[in-house]
Amino acid sequence: MLLGAVEQIRENHARLSELDSFGGDGDHGTTMLRAMENLKNSVASSESGQVKKLLGEVAWAVMGTDGGATGPLFGSFFMGMSNGAGRGETLDCAALASMFEAGLECVCKRTKAQVGDKTIMDAMIPAVKEVRLAADEGLGIAAILEKAAEAARKGADSTKDLQPRLGRAKNAAEQSLGHEDPGAVSVSLIFKGFMKGALNDGG
Amino acid sequence: MTMKKFLNDPSDLVGELLSGFALAHADKVKLTENNLVVRARPKHEDKVALVTLGGSGHEPALSGYVGEGMLDISVPGEIFAAPGPPKLVEALRMANRPAGVLLIVLNHDGDVMSAKMAMEMAEQEGLNVRQILTHEDISTGPRDKPQERRGLVGCLAVIKAAGAAAEQGASLDECCRIANRMERNMATLAVAVTSATHPCTGDAISEIPQADMVIGMGQHGERGSAQTELKTAHETAEIMLDMLIDDLSVKKGEDVLLMINGVGSTTLMEQYVVLNSCKKILDSKKINMVRCTAGEFLTVQEMGGFQMFMARMDSELVKLWDAPCKCPCMAT
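Read top to bottom, the protein sequences are chains Z and U. Residues in the first sequence are numbered from 1 upward in steps of one, following this note's numbering. Residues in the second sequence are numbered from 204 upward in steps of one, following this note's numbering.
Only chain Z is shown next, with the shape it has when bound in the complex (with noise of 0.2 Å):
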């Protein structure tokens, strides 16, 4: 599942370093590839089959990215979510909501960002909404995540019509009207990622 994200986001960080490029200073595709090499290299090397120190160890990782705010932000998704994990060697779609929620909640502690300030928010939170949401209907993994990623990718593209409020590119708040905010469409890479690799591996 964490490797289908890495996937999404190496066959996509010229876009995203594009997108950025309208109001930051088109790196962030870099930024994320190297995040999810550190990802990569650190399930490589995690010797644990336990979910939650798996996701801390990758929190770790993502967090010594050296990105600005995106290694700390998305450190910090992988790390609630290795707090809100249970100490099993699988999931059940319960436990996946409950994850996916305190990854959330660790972001929201990072950020005063809500959704239509143009951050990763906008499709963060209808995200994590939709798996709690597939989740108490009762669907399968593989479905709750594909709910999720549709809604991640609804969240990245309303960002389109929006003006930044919050963070480096509030400076250039007009220059980015009318394309997509790049943190919010990594979200909606790695939603996807997580989908496919559910999909390919179930787990």
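The calculated DSSO-like cross-link candidates involving lysine-lysine, where the alpha carbons are at most 30 Å apart (straight line), are:
1. U:Lys348 - Z:Lys109
2. Z:Lys52 - Z:Lys109
3. U:Lys454 - U:Lys483
4. Z:Lys160 - Z:Lys112
5. U:Lys348 - Z:Lys160
6. Z:Lys147 - Z:Lys129
7. U:Lys529 - U:Lys250
8. Z:Lys40 - U:Lys319
9. Z:Lys129 - U:Lys319
10. U:Lys434 - U:Lys488
11. Z:Lys52 - Z:Lys40
12. Z:Lys160 - Z:Lys109
13. Z:Lys112 - U:Lys348
14. Z:Lys112 - U:Lys319
15. U:Lys488 - U:Lys455
16. U:Lys482 - U:Lys529
17. U:Lys348 - U:Lys454
18. Z:Lys53 - Z:Lys40
19. U:Lys231 - U:Lys208
20. Z:Lys52 - Z:Lys196
21. U:Lys319 - Z:Lys53
22. U:Lys488 - U:Lys348
23. U:Lys454 - U:Lys482
24. Z:Lys52 - U:Lys319
25. Z:Lys147 - Z:Lys40
26. Z:Lys52 - Z:Lys129
27. U:Lys319 - Z:Lys109
In short, the hints are calculated from the structure, not lab data. As the structure is a computational prediction, the values presented were derived from the model and not from experiment.
Chain U: place on chain Z using the hints.
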């Protein structure tokens, strides 16, 4: 246009630049295994240590200010991007001592976030660290909303004043007091005429029409607040000085430090011409330019333009500014 920079592997750019930097200044600094820049000869443990963090690509900032009377450790990030919290925590652990550690953070979202998380971890571990945020860019927010102001070259004055105090044996409280006083009394405004290229992506980080200049452009090419046709050095200095004086409410007869920071391709010649204009204008306003300097202190690759820094000075701050220091890229 293809980027014309002398580079090797972009993915190892920061590692290569830091190794070269350490070679060039081996008498003053060294590089740790995990790319922290530390003093070649550590400061005595009973003196307060100064640590800072920041993205690379702004050379000589910030690692060029590691040395006697200045910083103890600089934590460099990737190009234009703050280092992550784990690296910073490591630096704080390394610097930790009974006298305490002062962490100087420039107000940019990534740096602030890394610092906040690192400070939380430092607190859990019982490290003796205090933090000061520099935010003096008057173009991004009013004085009463400092959180909206970016940290530009002013961090250097804070490092210089607090670093000198620490070297003289001042307590952590005292160092914080001095750093805060300098921070409250300083203001910076940037002007840009040409863009910089991101050395990893090869793309321009902003676009400025050929005949224009942008007042208020940040050090990552974030678009500024006012775009106008290019003016003379004197006219530009007049506009910028008026804004700085107004922001700091500097009165006739007061003393100021003025710093012209070339950000990349604006020549030293132009910086001197601007500085000379500033002196004439300040004289006419009966404001005393008690200290001044010009040079490349914090750059943005080959961006054209400069940052104009002003600080209201008192006798104690002047003494600290004059105190000796030995670091790679600044001498007093």
